[in-house]
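K.L.:
Listed here are the chains, written in short residue letters.
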Amino acid sequence: MGSVDRFVQAIQQRLRCPVERRATVLEELRAHLDDRTEALLPRWTRDQAERRAVREMGPAWRLALRLSMANGWHIAPWLVRHVWAASLGLLVLAAGASPFVGVSRMDWQLLKVDSAGFAAFVFIFGYGVAQLARGWLWATVPLILLTPSWVIGGDRAPADTAVWVAAICLCVGAMLGDRPGATSRRWAGWVGASGAVIWPLAWSVWQMSVPWSYAAERAARGWFSGLLDTWLGYTADEVVMIGIAALASWALARGLEWWERRSRPSRATA
Amino acid sequence: MAGPDKLLEGNLATILMAILADGASYGYAIVAEAERRTSGRLKIRQSALYPALHKLEADGLIEGDWREAAGRRRRYYKLSPTGRREYERRIARWREFSKTMNAALAKVPRLAGS
Chain A
0 MGSVDRFVQA IQQRLRCPVE RRATVLEELR AHLDDRTEAL LPRWTRDQAE
50 RRAVREMGPA WRLALRLSMA NGWHIAPWLV RHVWAASLGL LVLAAGASPF
100 VGVSRMDWQL LKVDSAGFAA FVFIFGYGVA QLARGWLWAT VPLILLTPSW
150 VIGGDRAPAD TAVWVAAICL CVGAMLGDRP GATSRRWAGW VGASGAVIWP
200 LAWSVWQMSV PWSYAAERAA RGWFSGLLDT WLGYTADEVV MIGIAALASW
250 ALARGLEWWE RRSRPSRATA
Chain B
0 MAGPDKLLEG NLATILMAIL ADGASYGYAI VAEAERRTSG RLKIRQSALY
50 PALHKLEADG LIEGDWREAA GRRRRYYKLS PTGRREYERR IARWREFSKT
100 MNAALAKVPR LAGS
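Residue numbers (numbering that gives the first Met the number 0), protein chains in the order written: chain A, 0 to 269; chain B, 0 to 113.
Chain A with its partners taken away, still in its complex shape (with noise of 0.2 Å):
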């Protein structure tokens, strides 16, 4: 596969238009990158024409974007839809979960906004996990949620804060990752999930140093299980629970990028 194919195939990933417009835009984009690379092939080998015409675009992710919104995408009404559909997954995955982690110990706690801590873990594992490989402003949805609960909630959990910073950390490893185009994007949401493990444990560690702190309480029990204590905090049905979370919407993830991949139509030719 040559550049321009390389570069065509990017931009077809990271188009959002109307399907109707789609074959227009590559078609026309693959015609000018090959008449651009027929003028420049008098002076270079093929493969170096390709890469330069190529080179001359910029950047997928900039001219994909542009072209996606010179082609009527907008940003609001898609950041709706997705978090709409977020919520409305959690939402059927809390009901469908409950008879199996019990319905009296779990009570609705997501939709508690002093259940910061846990509904914390459920997103960033569940959603914002989930969502490293696909649209950023899905990684945003617990950071959206999550927020009013931190605020508000007065009853938190001693590692809450901790895991507030864990989510925005996340949130932002998937916004830069994910930017469409990035070539680094699986890297840099890594990058944010390490940091949503990392912090609360760095945090744990700390609280444990405080002699007067809740976990130096616990601490005292034992290093090891004062930190557990401190940096899970949960039931084992809520860490079953938030497996449950982490899978299914891995697997709604997974299924609303094959519903937009059959809704595309197929590559154009040049």
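Bear in mind the hints are in silico, worked out from the structure with no lab data behind them. C-beta: ideal position from N, C-alpha, C; glycine also. One or more hints might be untrue.
Claimed, not checked - Some chain B residues near chain A, calculated using beta-carbon distances under 8 Å:
hint: 1; residue: A23
hint: 2; residue: Y27
hint: 3; residue: R35
hint: 4; residue: T37
hint: 5; residue: Q45
hint: 6; residue: H53
hint: 7; residue: A57
hint: 8; residue: A69
hint: 9; residue: R72
hint: 10; residue: R73
hint: 11; residue: R74
hint: 12; residue: Y75
hint: 13; residue: R89
Fit chain B to the supplied structure of chain A, relying on the hints for placement.
P.N.:
Frame of chain A, contents of chain B only:
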């Protein structure tokens, strides 16, 4: 402060309309024509070209259609009737602006060393 490139970029739509006012053309040829008209001073960034053309098309100022020439399909654009009226308005506004600027700058003394 915007440099010449930024000024040109801000007027890219008008430049494209000016080229299309002389007849239908396609993306690559438009870039070449802009360079030819300005003796190479204006290099339209290719990443800006198609978004600008598509925006003009979405606004109904230009119309695009596929044509085949020398075994290659290309999307040709031409000014729509609305686009032609808009182009004439823009040209008139630009000439007025240019006249005003020239008059204003004529009074500016040359800076030392320039």
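K.L.:
Would you mind marking each hint as holding or not holding in the structure?
P.N.:
To see whether the hints hold, each was checked on the structure:
Violation of the interface hint for A23 (chain B) is found here, the shortest Cβ-Cβ separation to chain A being roughly 14 Å, above the 8 Å cut-off. Because the closest C-beta pair between Y27 (chain B) and chain A is about 4 Å apart, less than 8 Å, the hint holds. With a least beta-carbon distance of about 14 Å to chain A, the hint placing R35 (chain B) at the interface is violated under the 8 Å criterion. Interface hint status for T37 (chain B): violated, as the beta-carbon distance to the closest one in chain A is roughly 18 Å, over 8 Å.
Because the smallest distance between the Cβ of Q45 (chain B) and any Cβ of chain A comes to about 5 Å, under 8 Å, the interface hint for this residue holds. For the restraint placing H53 (chain B) at the interface with chain A, the shortest Cβ-Cβ distance is roughly 4 Å, inside the 8 Å limit, so the hint holds. Interface hint at A57 (chain B): satisfied, since its Cβ lies 6 Å from the closest Cβ of chain A, which is below the 8 Å cut-off. A distance limit of 8 Å between C-beta atoms decides the matter here; for A69 (chain B) the minimum to chain A is near 11 Å, and the interface restraint is violated.
At its closest, the beta carbon of R72 (chain B) sits 6 Å from a beta carbon of chain A; the interface hint therefore holds under the 8 Å criterion. Evaluation of the R73 (chain B) hint against chain A yields a held restraint, the C-beta minimum of about 5 Å falling below 8 Å. Among the interface hints, the one on R74 (chain B) holds; its C-beta lies about 5 Å from the nearest C-beta in chain A, closer than the 8 Å criterion. Look at Y75 (chain B): its Cβ only gets to about 10 Å from chain A, farther than 8 Å, so that hint breaks.
Interface restraint check for R89 (chain B): the shortest CB-CB distance to chain A comes to about 19 Å, outside 8 Å, so the restraint is violated.
Violated hints, in rising order: 1, 3, 4, 8, 12 and 13; the structure is consistent with all others.
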